[in-house]
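K.L.:
Work out the full structure, taking the sequences as your base and the hints as a guide.
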Amino acid sequence: AQSVTQLGSHVSVSEGALVLLRCNYSSSVPPYLFWYVQYPNQGLQLLLKYTTGATLVKGINGFEAEFKKSETSFHLTKPSAHMSDAAEYFCAVKAHTGKLIFGQGTTLQVKP
Amino acid sequence: NAGVTQTPKFQVLKTGQSMTLQCAQDMNHNSMYWYRQDPGMGLRLIYYSASEGTTDKGEVPNGYNVSRLNKREFSLRLESAAPSQTSVYFCASSGVNGHLWGLLNTEAFFGQGTRLTVV
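Going down the list, the sequences are from chains F and C.
Under our numbering, the first residue of the first sequence is numbered -4, with each subsequent residue one higher.
Under our numbering, the first residue of the second sequence is numbered 350, with each subsequent residue one higher.
The hints are simulated quantities; they were obtained by calculation from the structure and are not laboratory data.
Don't take every hint at face value.
[To be verified] List time: in silico DSSO-like cross-link candidates among lysine-lysine, alpha-carbon distance up to 27 Å:
#1 F:K94 to C:K406
#2 F:K94 to C:K363
#3 F:K44 to C:K406
[To be verified] Only part of the chain C face toward chain F is listed, based on derived beta-carbon distances under 8 Å:
#4 A399
#5 G407
#6 G460
In this text, a Cβ means the ideal position worked out from N, Cα and C, and glycines have one as well.
P.N.:
Next up, the structure:
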């Protein structure tokens, strides 16, 4: 069964610093992977997705993620954090049945 | 274009009461989902519907039932609410304008959530 694990429930960075949020997946078939962001008291919004093709995926708000099959990872990065990036981030994998399974989430704190 | 609409936004129930959470999407998607979100647990899939007329259990289906009324609507029912069902519930839909081949490579669109408290 497909699953994802997000390493670190809380990540704190200074404004302008690199953001790195970790996600590892488990899948017996080629995975379809997603990163979502959730701002307080809101629903989830898609940041980016990997389906097939290029392994470096660019998303909204300057975020990108690299699919590494050998490491079963799909880490999310942003070169320079902004205060507005403070939110909860979720990695997700789509099973071959179409079910979308989420990780536990990582709360990103951005310090001035 | 409303996207995914959930009702109600807030609800307080007494233990043992029943209620139905409503969800409707206007994007002609085939797949629909119900999740619950609890602190530290992420989003956990309750039920999934790949297409009209089909439903499948997710990670935490106990205590819930669903109904895919038609392509647009996917409701979640709590027959006898328990305090452990206090949570934020999200509905989502996914697909490509009615095409089943979009099952895997399309993202899900989420509603704004229903905050349910069971006392």
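K.L.:
Look at each hint and say if it fits the structure.
P.N.:
Going down the list of hints, with the structure as the test:
1. F:K94 to C:K406: holds (10 Å)
2. F:K94 to C:K363: Cα-Cα ~31 Å, so violated.
3. F:K44 to C:K406: Status holds; Cα separation ~25 Å.
4. A399: At 5 Å from the nearest chain F Cβ, C:A399 passes the 8 Å test, so the hint holds.
5. G407: holds (7 Å)
6. G460: Because about 6 Å separates C:G460 from the closest Cβ in chain F, which is inside the 8 Å limit, the hint holds.
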